[in-house]
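A.B. asks: Construct the entire structure; sequences and hints are all you get.
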Amino acid sequence: IAQGGTASTTKAGAQTALGLGQDSLVSSAATGTAQVILGAGPVQVAAIDVQIPAVGTWELRAHAVVDFAGTTFTVATRHISAKIRNITQGTTLSTGVINCPVQGPLSFPSHHLVCPPVKYAAANINDHIQLSIEIDTVNTAGTLSVDSGSLEAIPLRET
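Just so you know, we're using this note's numbering here: the sequence shown kicks off at 3 and counts up by one.
Note that these hints are calculated values from the structure, not bench results. Not one of these hints is a red herring.
Pairwise CB distance ranges (calculated):
no., residue 1, residue 2, range
1, 9, 139, 51 to 57 Å
2, 15, 107, 52 to 58 Å
3, 126, 79, 35 to 41 Å
4, 158, 112, 26 to 32 Å
5, 38, 123, 33 to 39 Å
6, 103, 127, 42 to 48 Å
7, 106, 15, 54 to 60 Å
8, 121, 149, 25 to 31 Å
Nothing here was measured: the structure is a model prediction, and the numbers come from that model. The C-beta atom is built at its ideal place from N, Cα and C for all residues, glycine as well.
C.D. replies: Here it is in structure tokens:
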């Protein structure tokens, strides 16, 4: 790399020096994850996370597939939130929400809970980005779970 004229010691450094951007980063969990959604604050979905290898601008996208099996919500509307979070900086970058009305024990087809894409300016190398999920109040019956999900960081060239 140093002989290529950039004097960079890493591939990421050379790509940045040449204005080429970085490679896309993807982390996902396949169908069958079956992680129960709890109300104890945001919890990482499976092991879905990425580390940003270089400073620059990235587009972050994420989604989770939520399954309702005999789920009951009583008293009031509940909110399931999927979040793209920067664990290093302690910030939430994007949130997607499903509003669940009061309902009896019903099963529904899987719902795709999408976080709106967000433009992220990484000022630090190795920022740790994670997909998490939570519900404001746990369902009173049945099983509410995440069956799969993904998080993608796409480098943006802004020249």
